[in-house]
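Visitor: The task is simple: from the sequences and hints, build the whole structure.
The lines below spell out each chain.
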Amino acid sequence: MTRRLRFIIFCLLLFSPGLLWAHTPIKNVASFYNGFLHPFLVPAHLLTILALGFLFGQRGTSKVEPAILIFLGATVSGLVAMGYFGLLLDVETLLLLAAIVLGSLVAFKFELPLPVYWALAALTGLMLGLDSIQDTYSGRQKMAALLGSGVGIYLGLLYAAVFAQRLQKHHWQQTLIRILGSWIAASALLTLTLILAPKPGTAAQLPQPTSRTP
Amino acid sequence: MMKLSRPATLFLVLMLYATAASAHQGGTAGGFFSGFMHPVLGWDHVVAMVAVGLWGAFLGSPAIWVLPVVFPMVMAFGGALGVLGVPIPSVEIGIALSAIVLGAMVALAARPPIWIAAVIVGAFAVFHGHAHGTELPASANPLAFSLGFVISTGLLHISGIAFGLLVRWPAGRVAVRAVGAGIAMAGVGFLAGAV
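These protein sequence lines are chains Z and G, in that order. Oh and the first sequence: position 146 is 146 in the working numbering, straight run, nothing missing. To convert a position in the second sequence, counted from 1, into the working numbering, add 214.
Fair warning: there could be bad hints in the mix.
The following label-pair restraints were derived from C-beta to C-beta distances [unchecked claim]: (1) Z:D90 - G:R387: 51 to 61 angstroms; (2) G:I302 - Z:T93: 24 to 34 angstroms; (3) Z:R166 - G:E349: 31 to 41 angstroms; (4) G:L255 - Z:K63: 20 to 30 angstroms; (5) Z:R166 - G:S275: 14 to 24 angstroms.
Looking from chain Z toward chain G, a few residues come up when the C-beta cut is under 7 angstroms (computed) [said to hold, decoys possible]: (6) P43; (7) T61; (8) S62; (9) L72; (10) S77; (11) A81; (12) F110; (13) A122; (14) Q173; (15) R178; (16) L189; (17) L194; (18) A197.
What the simulated footprint calls covered on chain G by chain Z, stretch by stretch (three residues with Cβ under 8 angstroms from a Cβ of chain Z suffice, anywhere in the stretch; the number is not a length) [said to hold, decoys possible]: (19) 275 to 289; (20) 360 to 369.
Don't read these hints as lab results, they were simulated from the structure. The C-beta atom is built at its ideal place from N, Cα and C for all residues, glycine as well.
Guide: Okay, structure coming up:
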């Protein structure tokens with residue numbers, strides 16, 4: 001093998017390493033982190049959190065501080081109601097509906113009375129908490145997962161709010177947030193329609209089984 | 215130790231580069247990607263989206279944000295009608311007309327009141343949304359598909375706005391109007407194909 005060929009092979013091998021994962025992304029990850037990642041991996045949650053955060057950021061976080069605290073309280077209430085009292089409600093549809101409303105408010109930059117922000121924060125936080133079910137855990141692990149979900153939801157909201165608030169200085173930045181709001185509303189509307197629309201292959205459309213005589 | 219020829223050695227090294235082949239797209243990434251590519255792969259959609267951005271930039275504030283905000287929201291409404299199977303007549307003709315009208319607005323430097331511009335853009339958005347909506351249910355992940363499709367549409371608007379910002383300079387104004395004329399002519403081609 002010539003030196004040149006060795007060099008070529010060495011260079012080729014430099015490009016061949018694959019990704020090295022320090023931790024498994026989801027499987028076997030600690031229960032807290034699984035809970036923490038939950039709102040970021042469920043698109044309906046992520047859209048709703050982003051939309052509410054952008055709405056708060058547009059208004060200014062200092063003005064909506066009570067709403068941010070109400071959101072935290074409502075999220076914890078939802079998590080406790082679902083995790084400890086077994087209140088299981090399918091609120092994904094309502095979350096998508098919330099994303100449509102919140103995204104539209106961001107897109108058109110409506111300045112609402114402050115109590116409306118409090119109500120929106122309470123409803124959204126409660127729904128997010130109720131929908132953060134962690135079936136696979138029990139005992140302390142479940143508590144850690146619920147805590148993780150709460151922290152993830154709250155941090156997600158704060159980051160989105162601060163991001164939107166920072167992008168209020170220039171006109172183009174405000175436009176960007178409005179466009180992101182319209183994207184959230186449009187995506188949520190389409191998804192909600194797809195969920196509610198009759199799916200092909202449902203009972204009404206499936207071929208009826210024919211009766212056979214032995 | 216067995217000696218390998220040069221080609222055989224290189225062949226063995228290159229085998230290390232083999233990656234997994236996926237027979238089907240699926241999951242969130244597949245849904246997002248197919249949704250993202252959906253508007254991009256249809257020229258009639260692409261030129262109309264770019265025209266919306268160009269016109270918004272041409273009209274300046276507030277149209278620069280009103281049009282790209284109105285379009286995806288009304289398009290989603292049209293998409294919902296498509297998903298629900300609500301028929302809209304002559305969708306392809308409507309899409310072709312959108313390229314003609316929006317391109318002509320840019321080419322002629324039309325400056326209607328903002329609400330008229332929003333109504334024109336919104337009316338055409340229904341046709342585009344309906345065309346996309348009828349193909350949505352086949353997607354593996356509806357939300358990922360919808361996100362990809364809305365973001366892709368928005369990015370086409372933004373590319374139109376970016377080019378449209380050239381109107382600040384006289385030569386740029388000519389270039390933007392020329393692109394508008396090109397879009398209108400392409401629309402005539404689409405209309406001929408649709409009729």
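Visitor: Now look at each hint and say whether the structure bears it out.
Guide: The hints, checked one at a time:
no., hint, in the structure
1, Z:D90 - G:R387: 51 to 61 angstroms, "holds (54 angstroms)"
2, G:I302 - Z:T93: 24 to 34 angstroms, "holds (25 angstroms)"
3, Z:R166 - G:E349: 31 to 41 angstroms, "holds (38 angstroms)"
4, G:L255 - Z:K63: 20 to 30 angstroms, "violated (44 angstroms)"
5, Z:R166 - G:S275: 14 to 24 angstroms, "holds (21 angstroms)"
6, P43, "holds (4 angstroms)"
7, T61, "violated (22 angstroms)"
8, S62, "violated (25 angstroms)"
9, L72, "violated (26 angstroms)"
10, S77, "violated (26 angstroms)"
11, A81, "violated (25 angstroms)"
12, F110, "violated (13 angstroms)"
13, A122, "violated (25 angstroms)"
14, Q173, "violated (11 angstroms)"
15, R178, "holds (5 angstroms)"
16, L189, "holds (4 angstroms)"
17, L194, "holds (4 angstroms)"
18, A197, "holds (5 angstroms)"
19, 275 to 289, "holds (count 9)"
20, 360 to 369, "holds (count 6)"
Violated hints, in rising order: 4, 7, 8, 9, 10, 11, 12, 13 and 14; the structure is consistent with all others.
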